Amino acid sequence: MIEIKNLHATVDGKEILKGINLSINPGEVHAIMGPNGSGKSTLSYVLAGRDGYEVTKGSVNYFGKDLLAMEPEERAAAGVFLAFQYPVEIPGVANTTFLKSALNSMRKQRGEPELDAMQFLKLIREKTKALNMTDEMLKRAVNVGFSGGEKKRNETLQMAVLQPKFAILDETDSGLDIDALKIVAEGVNALRGPERSMLVITHYQRLLDYIVPDHVHVLAHGKIQRSGGKELALELEKNGYAEFGVNEAA
Amino acid sequence: MATPHPPRGFDPAAARPFLEQFDRLKAELPGATLSWVRDLRDQGRARFAELGLPTVKNESWRYTNLRALDKLAFQPAVKAETGASFDVLPTVRAEGTTGPRLVFVDGRFRAELSSTAGLPEGVELLNLADALAHQPDLIGEHLSRLAAPDDLPLVALNTAFLADGPVLRIPKGVEVAEPIELVFVSVGSDEHPTAFHPRSLIVAEANARAVIVEHHIGLGTGPTLANHVGEVFVGEGASVHHYKVQREGLNAFHLSHTAAKVAAKGVYDNFILTVGGKLSRNEVRSELAGEQADTHVSGAYMVRRDQHVDTTTFIDHAVPSCTSREVYKGVIDDTARAVFQGKILVRPGAQKTDGYQQNRALLLSDTAEIDAKPELEIYADDVKCSHGATAGELDDEALFYLRARGIDKETARGLLIGAFLAEALEEIPEDSVREAFQGIIAGWQNAR
Numbered sequence: 271m272i273e274i275k276n277l278h279a280t281v282d283g284k285e286i287l288k289g290i291n292l293s294i295n296p297g298e299v300h301a302i303m304g305p306n307g308s309g310k311s312t313l314s315y316v317l318a319g320r321d322g323y324e325v326t327k328g329s330v331n332y333f334g335k336d337l338l339a340m341e342p343e344e345r346a347a348a349g350v351f352l353a354f355q356y357p358v359e360i361p362g363v364a365n366t367t368f369l370k371s372a373l374n375s376m377r378k379q380r381g382e383p384e385l386d387a388m389q390f391l392k393l394i395r396e397k398t399k400a401l402n403m404t405d406e407m408l409k410r411a412v413n414v415g416f417s418g419g420e421k422k423r424n425e426t427l428q429m430a431v432l433q434p435k436f437a438i439l440d441e442t443d444s445g446l447d448i449d450a451l452k453i454v455a456e457g458v459n460a461l462r463g464p465e466r467s468m469l470v471i472t473h474y475q476r477l478l479d480y481i482v483p484d485h486v487h488v489l490a491h492g493k494i495q496r497s498g499g500k501e502l503a504l505e506l507e508k509n510g511y512a513e514f515g516v517n518e519a520a
Numbered sequence: 235m236a237t238p239h240p241p242r243g244f245d246p247a248a249a250r251p252f253l254e255q256f257d258r259l260k261a262e263l264p265g266a267t268l269s270w271v272r273d274l275r276d277q278g279r280a281r282f283a284e285l286g287l288p289t290v291k292n293e294s295w296r297y298t299n300l301r302a303l304d305k306l307a308f309q310p311a312v313k314a315e316t317g318a319s320f321d322v323l324p325t326v327r328a329e330g331t332t333g334p335r336l337v338f339v340d341g342r343f344r345a346e347l348s349s350t351a352g353l354p355e356g357v358e359l360l361n362l363a364d365a366l367a368h369q370p371d372l373i374g375e376h377l378s379r380l381a382a383p384d385d386l387p388l389v390a391l392n393t394a395f396l397a398d399g400p401v402l403r404i405p406k407g408v409e410v411a412e413p414i415e416l417v418f419v420s421v422g423s424d425e426h427p428t429a430f431h432p433r434s435l436i437v438a439e440a441n442a443r444a445v446i447v448e449h450h451i452g453l454g455t456g457p458t459l460a461n462h463v464g465e466v467f468v469g470e471g472a473s474v475h476h477y478k479v480q481r482e483g484l485n486a487f488h489l490s491h492t493a494a495k496v497a498a499k500g501v502y503d504n505f506i507l508t509v510g511g512k513l514s515r516n517e518v519r520s521e522l523a524g525e526q527a528d529t530h531v532s533g534a535y536m537v538r539r540d541q542h543v544d545t546t547t548f549i550d551h552a553v554p555s556c557t558s559r560e561v562y563k564g565v566i567d568d569t570a571r572a573v574f575q576g577k578i579l580v581r582p583g584a585q586k587t588d589g590y591q592q593n594r595a596l597l598l599s600d601t602a603e604i605d606a607k608p609e610l611e612i613y614a615d616d617v618k619c620s621h622g623a624t625a626g627e628l629d630d631e632a633l634f635y636l637r638a639r640g641i642d643k644e645t646a647r648g649l650l651i652g653a654f655l656a657e658a659l660e661e662i663p664e665d666s667v668r669e670a671f672q673g674i675i676a677g678w679q680n681a682r
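Chains as they are written, first to last, in the numbering used here: chain A, 271 to 520; chain B, 235 to 682.
Please keep in mind that the hints were generated in silico from the structure rather than gathered at the bench. Be careful, since some hints might not be right.
Covered stretches of chain A, going by a simulated chain B footprint (3 or more residues, C-beta under 8 Å) [as the list claims (entries may be wrong)]:
id: 1; region: 316 to 330
id: 2; region: 338 to 346
id: 3; region: 362 to 373
Think about it this way: if two alpha-carbon atoms lie no more than 30 Å apart in a straight line, the pair counts; the simulated DSS-like pairs of lysine-lysine are [to be verified]:
id: 4; chain 1: A; residue 1: LYS452; chain 2: A; residue 2: LYS284
id: 5; chain 1: A; residue 1: LYS392; chain 2: B; residue 2: LYS618
id: 6; chain 1: A; residue 1: LYS335; chain 2: B; residue 2: LYS643
id: 7; chain 1: A; residue 1: LYS284; chain 2: B; residue 2: LYS643
id: 8; chain 1: A; residue 1: LYS392; chain 2: A; residue 2: LYS435
id: 9; chain 1: A; residue 1: LYS435; chain 2: B; residue 2: LYS577
These numbers come from a predicted model, not from an experiment. Here a beta-carbon is modelled for each residue, glycine too, at the ideal position from N, C-alpha and C.
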């Protein structure tokens, strides 16, 4: 379903991705692990369609379509979801307004009827309950004044409401204590299913204790250096990234 | 006092066509048989003859050039326009309800579209021409006391031509629950540019309260010049909530001068939303004349194409222990230009003054422009005064975040623009007005 071939991308004229190859089938959870500066976030932004990330070579086939030719909103409507490492604060836009606009905008693009206020409220109540979120968090402006954990829960809530086909989780564990991590991981695991693929991007193995991947890839120097099963993550945890020519302070 | 030479920054030659028109017209203007009215008009005429129109060399008009007015041969709107139909006039009221409303077309009162039904006893709501003809004593004490011609050429011009406009007087202790709506329609003529000079007078006696909503719309295609002057007297403990939305056409020049004087413990709350007009300027002056008086002078504007919008405010803290607050937010697109000049004066002895001013602009194109000139002039030492001015673009990160959630680019921009302006609209405590204004903002975005 998702086929990334020889993907090269530059940011400000500097080549960050230097030939990524990756295939993800429906229902699979892939983890990409890598040190800082390896290109992890660049990959997630390129897949989501952020401006300023220029693809110079390669292709991304998404359900038979050229993903790279689509606008960010078209990708979202087609089921691509990026859970941001740093969710953006949007003062003045209420969280519920944002979620309702997002959901209805996608439904519209897909030719489905939009939800009215009552239908939306019912849906959102059900989803927030599962994530241990309060009504108050829905009334507040998007991510404004949210703690790190609240922001990540909010990302997970959006994922639960928007029901993507392909979710990219960019360093979802960053800034979370263990309790918050568990809540978020539970939320993510609840969304796992035979029709939904995930790409979990992380620096540390810890997250993968809670979101257990089917495949693990090591990204360094803009390329996938090694692929394996979930045991690869444990090996990295033990030996670090030194094997891939990366020295990081512990 | 006549000065032999015009001060720097004025163009007396620009006055000529208006003066000739005035001289032909003055005998027919309402109240022409009253000597004090004649004197007032003659003072206005004399001062305007000395000054003419301000030029960009005038400090107060540095960023707003009125030269375009010179090139248009404006004719005064003498007869009430009757051709236009008014099926739907703007309102903040719920559909199907009616309330007190005065309608002016090209500056002239239209009785058949107006209503004063339902006002509490003793409240006077009428048009100036009627007041001049039948109840001159109602206005004689206040007219031209706050907005005096002096160095204000457009006030002088308005004073020469003053003929019609709303007059509202609320007696002591009376609260008017219903919003009083004032609708100003510019129609003009296809044959020549049309000028009119509406004059408003609002007097709220001690502990009176009123909510006034002005709607300014345009229906014609010919150029129009609406040169408004308004005076607002807020008595002790009284409160006047004065809201205005200007959405005239792109052939309209809209110049407006509002002067308020607030007595002890009084509140004057002014908010102006501008979306229309080719060139508009709103000058608001609020004088805090009694202790513990409070004034809010705020607004929002959205301009595009080659629109020009000027907001010039002057808050005069004349006595101790008063508060003032200004929040302006504007969105500027295409080659449009906005001007903000905000002055806060704290006079000697006006201790315990609390003044706040904020002006923020959102530039949607590389060719949009904002000129901001905040000015604090403080002659007391125990005061709290702050101001801030910013200009920025839409937040790219926020835009991407919204789009990554499936919200199309235009809608995402709309959400962010609405959120930006929302902060200014929060300054409006009246729900009906705030919601109506939010609707106008949404309409502006959809009209792209």
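Each hint tested on the structure:
Coverage of the region 316 to 330 of chain A by chain B holds. Counting CB-CB distances below 8 Å, 4 residues qualify, and the rule asks for three or more. Coverage of the region 338 to 346 of chain A by chain B holds [criterion: at least 3 residues with CB-CB distance below 8 Å; count 5]. A count of 7 residues in the region 362 to 373 of chain A with a Cβ less than 8 Å from any Cβ of chain B is obtained; the coverage claim is therefore met, three being the minimum. For the suggested pair LYS452 (chain A) and LYS284 (chain A), the alpha carbons sit about 37 Å apart, so the restraint of at most 30 Å is broken.
Proposed proximity of LYS392 (chain A) and LYS618 (chain B) is contradicted: the alpha carbons are some 48 Å apart, above 30 Å. The suggested pairing of LYS335 (chain A) with LYS643 (chain B) holds, with an alpha-carbon distance near 21 Å, which does not exceed 30 Å. Under the criterion of a C-alpha separation no larger than 30 Å, the hint pairing LYS284 (chain A) with LYS643 (chain B) is consistent with the structure, at around 27 Å. Taken as a hint, the LYS392 (chain A) and LYS435 (chain A) pair is honoured in the structure, with Cα atoms around 22 Å apart against an allowance of 30 Å.
Taking the CA atoms of LYS435 (chain A) and LYS577 (chain B), the gap is about 56 Å. The hint is violated against a cut of 30 Å.
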